[in-house]
Structure formats: structure tokens, C-alpha cells
Amino acid sequence: MKTPGDLIRERCEALGWTQADLAYVLGVTTATINQLINGKRGVTSKMAKGLGAALMVEPVTIVRLQAERELEGADEPRPAIAARARILSVYPLREMLKRGWVEETDDPRELEQRVCRFFGTESVGDIPHLSHAAKRSPSDKRASQLAWLFRVRQIANEMPTPAFSRKNLADAIEQMSQFLGNREEVRHVPKLLHNSGVRYVVVEGLSDSKIDGACLWLDAKSPVIGMSLRFDRIDNFWFVLRHECAHVLHGHGQDIAIIDSELQQINDDESEEERIANTEAAEFCVPQAKMDSFYIRKNPLFSEKDVLAFSKRLKVHPGIIVGQLHKRRNRYDFLRHNLVSVRDQIEGDAMIDGYGHFVPIG
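Number 96 in this note's numbering belongs to position 96 of the sequence shown; there are no gaps in the numbering.
Where hints are given, some of them may not hold.
Stated by the list, open to error - Distance windows between CB atoms, simulated:
#, residue 1, residue 2, range
1, Asp219, Ala309, 46 to 54 Å
2, Arg41, Asp106, 29 to 37 Å
3, Thr44, Gln113, 42 to 50 Å
Stated by the list, open to error - For lysine-lysine, the following PhoX-like pairs were computed, each having C-alpha atoms within a straight-line distance of at most 20 Å:
#, residue 1, residue 2
4, Lys2, Lys49
5, Lys327, Lys210
6, Lys290, Lys315
7, Lys2, Lys40
8, Lys210, Lys191
9, Lys2, Lys98
10, Lys221, Lys167
11, Lys290, Lys305
12, Lys312, Lys298
13, Lys327, Lys290
14, Lys290, Lys312
15, Lys191, Lys167
16, Lys298, Lys327
17, Lys305, Lys315
Calculated directly from the structure, the hints in this document are not laboratory data. Ideal Cβ placement from N, Cα and C applies to all residues, glycine included.
With the hints as constraints, model all of the structure from the sequences given.
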């Protein structure tokens, strides 16, 4: 490989100069020129400009030769760098490591094996990028959704649960309808779902995944409901939960897991499965005929007194009514203090990963 010293020597010979002559022109010592020619001193950008002017060559040529020489002598990068980059280019690896889903290691082969174990595959190339029906989400978010889904599945696989019964789930939903008036009653949900044979898992979403919930099946008789609780509000909790229950009741998601994101946004292109789940969830939260009547009678002036009276008559929490009004009016500042949080009510009984909790596997 040609070095900066080779170029300096060649140009000096072409000009008939000695090292002392070049040193005189540049205003440096002869020892400095000797070190440059013998590769014992690197060429700085400032020196490259001086040499370029003196030897009548482009400074960039000298700089490029210096860079090539340094690269040639540099140590090879650790293999772990390429392995991390390969995985991080597709999956949110740093966040998965931080959350404890994958254990860090400097061994590139071991890192790939750990990622494969997380996704349940033999090799990184076998990890399915899009093996779920993600809706209303840009494709560049699919990897974080997939990682979240596999974490839900991973935890669900560790949960012993009674045999699933659609009748028991329907009965559980009927019982849950009696809990809509009080946020504290949310605490009963994990046990009711467990007793009906449904694995209920809460996993905090990864950055920008915008996931609300998911319905998946470990096998034909083992449904799983995953929720992110990214919106810790009573209205969102009940809507998403009942939406996923509808998927389970109708056997949705058995072939391809269903991930629901941005659930309460209006979507004119929803599938029949989503239409069914949305309709049942809305009806569960507030009977829609009664909600329609209330909305028509009071629109556009809704007082808090009216909302409280209506919610009391229906025996549902005011926050659920407010949530429905927000969506219908496309105004989200109205009576927000009624949108109480519920996550703290299930922390004692639900399987939660994230929000300060970690579920060990194995």
C-alpha cells in the first residue's frame, strides 16, 4: 500500500530536492521530514496543506493516503459490533436489553442465540418480521410491535391456567359489566379471566409501538389477552379489555395474532373482526342506543351535572361517559379529571411486565 511517505519521497525526487530542501521550504526540521517519510509521524491536515503547496499535489491525496495507512494498521472491530448492528437495524435491541427481555453479552454468537431464544427461532434469519396483523401502524413500527407480542407470548407460556371455556368467559364478561361504576372493581379482572381459562398479561409497550392490546393463542385451546395500558384511563381500560375479549369469544387471532393499536381512532377501513370487536366493546361500556339519545338531547352543551346523572343512571363510571363524548366530539379536554387511572388496581393480581415490574422467565 502506498503511504504518504512514499508520495513525499517521489515528489522530492521529481523536483530534485533533498529532505533538507523540503524542510527549508516548509519551515520544519529535517528530522520531521525524515519521520514523515519513514511513517513514524502521521500527516496532520495542516501539514497536508503545506506539503500539497510545496510538492504541487492535492492535499486530499495526502490525507487519503494517511487515512488508508491508519485503517490498515487499526485493529479489527469486535464481532459483537456487527451482531448488535444487524439486530438493532430491525429490532429495538437496546430497549429489549434495558427491559431485561434479552441479556447483554459481548459474545456475538451468544447475543444472536439469546435473541433467537426470545423469538423462539433457530436463527436470526428465521425471526418472522410481520407474522401478526398489525393495524393502523406504519411499517417501521412493526418490529417493536413484534417484540412486544413475543414478550406477551413468552410470559403467557409461563402461566398455568384452567381449561378455556367460552361460556365461562361470557359469564366473566357479564360479571365485569357490574364493575363499570367503580374503578376499584378493576382488581377482579385478572382472576375472572384466569378462571375462564384466558391468560391475561400486561406488558408496557416499547417506544413508539402505540399498542393498546392483543389477542393471540398459544394453541387452539389457550387464548391470551395482552394489554399495554399505555393510556392509564378507566374508559380506555374497559374498551380495550372488552375489545380483546370479543376477539377471544369469536375465535379471532388463532391463525395470526391480532395486535390492536390506536384502537379508539376512527377507521373506515377496518376488518369484519375489528368491526365486531369495536361494536361489542362500545356496547359493553355504554349501551349505544342510550348514549345516542343522551348525545342528541344534550349536544352541544354537556354539563358535568348531566354527565354525572347519566353515568349514575347507567351505573358506569363518569370517566367512561366522558371517554365516549371525547371520541364523538373530537374534543379531549372536556371533564378530563373524570378519566381516573386504574393500573394500580390490578398490580396485585395481574401479570405485569414494565411499569416498575419484571417477570422472570424460566
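Do the hints match the structure? See the list:
A hinted range of 46 to 54 Å for the beta carbons of Asp219 and Ala309 is consistent with their spacing of about 48 Å. At about 35 Å, the CB distance of Arg41 to Asp106 agrees with the hint of 29 to 37 Å. For Thr44 and Gln113, the hinted distance range of 42 to 50 Å is satisfied, since their beta carbons lie about 45 Å from each other. About 19 Å separates the Cα atoms of Lys2 and Lys49, which keeps this hinted pair within 20 Å; it holds.
This hinted pair checks out: Lys327 and Lys210 have alpha carbons roughly 18 Å apart, not beyond 20 Å. This hinted pair checks out: Lys290 and Lys315 have alpha carbons roughly 13 Å apart, not beyond 20 Å. Taking the CA atoms of Lys2 and Lys40, the gap is near 15 Å; set against the 20 Å cutoff, the hint holds. Our distance criterion of 20 Å between C-alpha atoms is broken by Lys210 and Lys191, whose separation comes to about 27 Å.
Distance hint between Lys2 and Lys98 is unfulfilled; the C-alpha atoms sit about 46 Å from each other, more than 20 Å. Note on Lys221 and Lys167: the hinted pairing holds, with a Cα-Cα distance of about 13 Å set against a maximum of 20 Å. Restraint check: the Cα-Cα separation between Lys290 and Lys305 comes to about 17 Å, which is no more than 20 Å; the hinted pair holds. Straight-line distance between C-alpha atoms of Lys312 and Lys298 comes to about 16 Å, which keeps the hinted pair within the 20 Å bound.
Simply put, Lys327 and Lys290 have alpha-carbon atoms about 16 Å apart, close enough for the 20 Å limit, and the pair holds. Distance restraint check for Lys290 and Lys312: the Cα-Cα separation of roughly 13 Å lies within the 20 Å cut-off, and the hinted pair is therefore satisfied. Annotation: proposed proximity of Lys191 to Lys167 holds, straight-line Cα distance about 16 Å (limit 20 Å). For the hint linking Lys298 to Lys327, the alpha-carbon distance of about 16 Å falls within 20 Å, and the restraint holds.
Of the pairs offered as hints, the one joining Lys305 and Lys315 holds, with about 15 Å between alpha carbons and a cut-off of 20 Å not exceeded.
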